[in-house]
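Protein chains: 2
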Amino acid sequence: MSEGYTLHEDPRSGNCYKIKMVASYLGIPLTIRAYDILKGETRTPEFAANVSKANAIPVLEIQDDLGPRFIPESNAACWYLAEGSDLIPEGRFNRAEMLRWMFFEQNTHEPNIATLRFWYQFVGVDNLSEEQKAMITAKSNTAVSALRLLEDHLATRDWMVGDAATLADVVLFPYTQTAEESRFPLANYPAIGRWLERVENVPALTPPR
Amino acid sequence: MSEGYTLHEDPRSGNCYKIKMVASYLGIPLTIRAYDILKGETRTPEFAANVSKANAIPVLEIQDDLGPRFIPESNAACWYLAEGSDLIPEGRFNRAEMLRWMFFEQNTHEPNIATLRFWYQFVGVDNLSEEQKAMITAKSNTAVSALRLLEDHLATRDWMVGDAATLADVVLFPYTQTAEESRFPLANYPAIGRWLERVENVPALTPPR
Chain A
1 MSEGYTLHED PRSGNCYKIK MVASYLGIPL TIRAYDILKG ETRTPEFAAN
51 VSKANAIPVL EIQDDLGPRF IPESNAACWY LAEGSDLIPE GRFNRAEMLR
101 WMFFEQNTHE PNIATLRFWY QFVGVDNLSE EQKAMITAKS NTAVSALRLL
151 EDHLATRDWM VGDAATLADV VLFPYTQTAE ESRFPLANYP AIGRWLERVE
201 NVPALTPPR
Chain B
1 MSEGYTLHED PRSGNCYKIK MVASYLGIPL TIRAYDILKG ETRTPEFAAN
51 VSKANAIPVL EIQDDLGPRF IPESNAACWY LAEGSDLIPE GRFNRAEMLR
101 WMFFEQNTHE PNIATLRFWY QFVGVDNLSE EQKAMITAKS NTAVSALRLL
151 EDHLATRDWM VGDAATLADV VLFPYTQTAE ESRFPLANYP AIGRWLERVE
201 NVPALTPPR
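Protein chains in written order, with full-length UniProt numbering: chain A, 1 to 209; chain B, 1 to 209.
What the hints contain is simulated information worked out from the structure, not anything from laboratory work.
A quick note: this is a predicted structure, and the numbers were derived from the prediction, not measured.
Some hints here could point you the wrong way.
Claimed, not checked - With a straight-line cut-off of 27 Å between C-alpha atoms, the simulated DSSO-like cross-links for lysine-lysine are:
1) A:Lys-53 with B:Lys-139
2) A:Lys-133 with B:Lys-133
3) B:Lys-39 with A:Lys-53
4) B:Lys-139 with A:Lys-133
5) A:Lys-139 with B:Lys-139
6) B:Lys-139 with A:Lys-39
Unchecked claim - Examples of chain B residues lying across from chain A (beta carbon under 10 Å, computed):
7) Ala-49
8) Ala-54
9) Arg-69
10) Ile-71
11) Pro-72
12) Met-98
13) Asn-107
14) Thr-137
15) Leu-149
16) Arg-183
17) Ala-187
18) Leu-196
19) Arg-198
To be verified - For each label pair, taking beta carbons as the anchor points, the in silico distance ranges come out as:
20) A:Asp-86 with B:Asn-141: 14 to 24 Å
21) A:Val-125 with B:Ile-28: 20 to 30 Å
22) B:Ser-145 with A:Lys-39: 13 to 23 Å
23) A:Glu-41 with B:Asp-64: 49 to 59 Å
24) B:Ser-129 with A:Leu-186: 25 to 35 Å
Cβ coordinates follow ideal geometry from the N, Cα and C atoms, glycine included.
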């Protein structure tokens, strides 16, 4: 069976970068199809009809004998590519622990840290709606709680789960690495800083952005 | 190996109910330890020290020969209990598709639909902070998008993934079933209504709340 993958992405998105990390680490070639989310290029009827009705990136497109199929949601796409590799740990508890941090990332970490980065770096505070401006305090507070939980977890261990990099490290890496762009000084989180370096030193895991 | 489980929960929480669904379906006994989140009973130093530093429920506690271990995050706890059962489908694509909907649930569905339910039903609109009140419109809009995506998905299929109930149906069930408490009339979503009935008819999958 001949398999190929296309990543529908915006290169500025940390969610998209996660998938490139997994593919790079495993040596899987990805064809890139880039969209500019600031220009609404994923919010078109064509995107809904041909890629994903959720009108959001990333979407991993799988080409194989069954025809094109699509996986939205960054963490699910990472799982698909990583199945059978050492990025998913052996052991039932460790797998659940890895998923625990992956769900935490999508529920508590990304919606706050990534959204603030998007607003500060790409939209611009002056261009935010009043409704968005009103959410900055709550999002900042939850983001700090998330970073403190990571700092505490990493104070006594090298990796999020077990004794090597897993998908938990992968999915938490992009928006933690760019936390300064979300206005959270990483100097406040020394254990996170050491962990970021550790992830960067895993061969092929952090390709050029 | 003798195994036992304690679910640290608030009985009103749909996130906790997911875990009870999986345990009921698989015939796994759970010891219940209830907390009142409105009284801050999970926000204590004792809870942080003894159950979870994230100070949130649910937490699944595993008792076995290795001593007590804890899994926060409802969807990770569901995965732990369901490993090896038919709630996790065979087939790499179907597993990724199931995880896609589980991450969607935690990123897009639950933070909006469940939070609005909590505010309307348990906190009371009059008791919300100005910051919270300012978030109602955005949360309502995203919740409606999430429900429309589900409605569209279920218009042409009986189950979220494949041809039987999986964890994707389990984790999306609780806060969709109570969507009226979040002020979203289910009459607007007929395919969702038929799916809710289908889930309710799976033997043992929806124990008494």
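Going through the numbered hints above, which ones does this structure break? Give me the numbers in ascending order. Hint check: 3, 7, 16, 17, 18, 19, 20, 21 fail, others pass.
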